[in-house]
Amino acid sequence: MRGYIGSRVAHSAISMVGLVVLVFFLARLTGNPADIYLPVEASAEARAAFSEAHGFNDPLIVQFWHFVRDLAHLDFGTSLRQDRPVLDLVFAAFPTTLLLAFFAMFFALVVAIVSGALAAQRPNGILDRFVNVISLAGASLPNFWLAIVAVLVFSVWLRWLPTSGTGGFVYWILPIMVLSIRPCGLIAQVVRGSMISAMSSAYVKTARAKGVRSSTIIFVHALRNAMLPVITVAGDQATGMINGAVVIEVIFGLPGIGKLMIDSIQYRDFAMVQGGVIITAVAIFILNIAIDLSYALLDPRIRYS
Amino acid sequence: MRTTIASNGQPSRSTIRRYLSLLWHDKFAAAAVLFLLLVFCAALFGPAVFEASSNRINLIARNAPPLSFKYGWAFVLGADSLGRSILLRLIVGAQNTMLLAASAVICSLVIGSFLGFIAGYRNDWTSAVIMRVADVVMSFPSLLLALIVLYVLKPGIANVILVLAITRIPIYLRTTRAEVLEVRERTFVTAARIMGASPRRLIWRHIRPTVTPTLITIATLEFAFVMLSESSLSFLGLGIQPPAFTWGAMVAQGQSYLSTAWWVAFWPGVAITLTAMSLNLFANWLRIVGDPVQRWRLESRKKSS
Amino acid sequence: MTRNDQHLVEIRNLSVEFHTQEGTVQAVRNVSWHIDRGETLAILGESGSGKSVSSSALMGLIDIPPGRITSGEVLYRGEDLLKASYERQRALNGSKIAMIFQDTLAALNPVYPVGWQVAETFRAHGVDRQKANARALDLLERVELPNARARFNDYPHQFSGGQRQRIMIAMAIALDPDLLIADEPTTALDVSVQTRILRLLKELQRERGMGLLMITHDLGIVEGLADRVAVMNGGEIVETGPVNQVFNAPRHAYTRNLLNAVPGKHSFPASAPEGVRAEPLIAVKDLSKGYPSASRSPAIMALDKVSFTLARGETLGVVGESGSGKSTLARTLLGLERASGGTASYRDCDMLRPTEADRTILQRQIQMVFQDPTASLNPRMTVEEIISEPWAIHRDVLPKKEWKGRVGALLEQVGLTKEHAQRYPHQFSGGQRQRIAIARALALRPDVIICDEAVSSLDVSVQAQIIALLKNLKDEHGLSYIFIAHDLPVVRSFADRVLVMRKGQIVEQGRTDSLFTDPQHPYTRELLQSDPVLGSHVAA
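Residue numbers (my numbering), protein chains in the order written: chain L, 1 to 305; chain A, 1 to 305; chain F, 1 to 540.
This is chain L alone, in the form it adopts within the complex (with noise of 0.2 Å):
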């Protein structure tokens, strides 16, 4: 299992540090460093001191190397628009994206999990038709469309839940109601198909020959086999939730790292997109990890290989 982590962490390693590269590459190669760091008003007087001063007339090789030495450092440089660090905003802003995308995973997997396993407990059963109608409408929802529909029917004419902004319980339901939409409808599908592979499996029906109880062998058996695939998807579809954090995150006005992302696009602050990339790099290299392992602990065949 050593080697399998091992090897699953140097890839993940290998994709962080190719990401690091790429974003040198496009401040640098796309024309003058100094378009895309300063404003668009800055004068050509400011472009010049500004390259000769962050060293944007150095060697290509020299830049890197300083770019890489400043990142050892943790230095990602300052904002240009707020006059901060850029690792104090993004760390700032983090825990709101984090806490946004780890209630909506745990409520779409919960939710998803739940519906799909009874929904195989009958293929083409009701419950199993209702099920995958629904996943698959889940699955095709634009989510800051359904954000916004969210918010006419919750806010607007229900008056029960805040339009957006920043506060207690009731501002993160819906936001964390419409991120979890589209992942749950997508591993509904994925846990219906892998159950009812599961309960159709050979080991089911030894387990029924014992005389096991059936809500172990959904639950015990059946389940933990048919968790392996969901996983995977489960480990993208935890990717994909900083694309629909960004969205949710502008919509709602939430404070997370995908609108000060926005923002920072906004103003041209290129320090604070560059740093903000690197950082969801790293975050998602832990969680990359995180689900091997969780796939390592759930098969012993990985495991013992």
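Per the computed footprint, the stretches of chain A lying under chain L, defined by three or more beta-carbons under 8 Å from a beta-carbon of chain L, are:
1. 133-142
2. 146-159
3. 224-234
4. 256-262
5. 265-272
Hint data in this document are derived by calculation from the structure and do not stem from the laboratory.
Using N, Cα and C, we set each Cβ at its ideal position, and we do this for glycine too.
Put chains A and F on the given structure of chain L with help from the hints.
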């Protein structure tokens, strides 16, 4: 327990007719295909026919609610803040929406499956390099990647397509490679190798036909995904720029009038959802039809019912 | 009915149908049998005969829908289980009636330790966790699982097929059931392992006095193990009675055919005259194939200095258990694997390092027929496309306009018809598919056909037909065969000479009659003895 096979050969009906009658027996899939045809026609002829009338500003009809027939049939879904018919704008906007998604899907399908064939068939260091690059792209939220690239490259039709295509290439690449690796080891491929079949023949006659249905199914699912991503980009203002517009941009435009005229943002979202859902349903149907063994089941079910 | 003539289990007029997507299928019709404690009943049938259905009904394992029990009674000590509640059935399953299955890798849950799974039988019937674990360990030791205590928490994939079957047996006998149902318990196992498992089952039956219901396609197992037999065909019991009565004087035509089809009971094939042998087609000398192994240990030798010749018109049988290197031999000769030493030649062509011209000759003259005809035929090609593929590869052999006619002719030679050419492989039965594969192998008029377990996955009666076909084709086309099999009886009635392989080496080779009647090597003797057809009966 084997049912006997009718002794006459394949039915002489043309293949297209056989697929059509198969489709007719799956009501959900048939409805999905009908809707997709409708969208396709709108995308093809919409702008040519309705371009002018969809741009006609009619201040009397500002924010007219749905079913405002006094302004004409075109206002069945209401009008936007400039009094333009939402229905006509949906029909005209279909072209850009479909064009963007289709171009991106075709680009990533062609590039991804080509690289996947190479990675799968050679399975040496080239494969390792290709896979690591794909990992880099995959391990980062596609929307965030698109935002950054569009920030550096400036949004425009070509760049939006490029970004959407690049972020989805790994899906085709991984699937193709995995399938090629698996199919390559099947006995019928070994049998052909023993007879002396050239690599080109192996790939073209044996591996490609086996992999193609999977790729088409994935491309259909991806079409829905890319369309949703493009809408998110447009919603965030980083898609194609005005005066050109897509359904996603229409939702963004309607967001400001949510409390006074909800329908402006509502209908484009419905169009996106229905299209995505139809694509998902169609993909599910394709998955069954693409497999000759399963297709045969569908046909015999048809006969028995 | 009085208490005395009540059987342990009695099935009366059971009919079951399945609603599949292909329509309604009658799985069994009016099936009746009974079994008592201490007795062994075998249900004998080929695939699709419905032999497993009645025992599934007994254990409530038929899914309803798609299954539907249309008539009959399933009595356990006089109680109709078809009318029993779910809880009642659950209480009987595992404690009074237990079952073991064929594919143990699939039948054991891959994500739980084996000890846990054996103990589950106890837990499911109210034994507490600790006691269940202790008794599970005792059981694993009883079924002679090597190193049971240390391996208690290992997972199914870490055991061999034979060991897994022992674990399944431990699970089944945990609560001293009245009846043990064994559904093809040894089908996927090597003959020597098979014997040991069957011996263990017999021993346990004697020890515990339980009834044993063997569901099998293997006449040898029935003969060696069972007291009574019920022969099933097409969902019906065609004949039933004591084993020796049924086998010595079969009344039903199907039983007679089945008994006739059993390989290895007939005389040896007439060996080719010595003169013909003088012309060797293939000569293999010291052929070796090593795989680099993990850590510092020496390479694993899949083939270790293998030498033999194949004469023109000869059928050479290659016999060995799984892992003996017999398939590697075929793959190396065909250039699918690179040999690590030795030589192999076909006429004047070097088979291991052929020149371009020689390679073309080899590709045309040496063909292969695989074990699983479902896998060896491309499911997306029609039969015509499949059979004409060799000509598409070797363009100069046959002009395209003659393909259609030749395909028809080849199909007729292998016992199919011209009309089959436009269909797809999945529309045929297993035996028919193997015929298509043989037709493809004949397309280039080869000298040699290598059959790698070509009849192993087929039913006995189909097996006999395919072997008869191969024999006819050999005479018609002057073919030579290298016939690889794990099944000794098949080789006995077909091969002129036999090689016995073990761990990559040839331990013995010789004329079929002398090898079978007077084996020299102890391993050959062991193989012969453990075969249920050829060897002595398992039940002493």
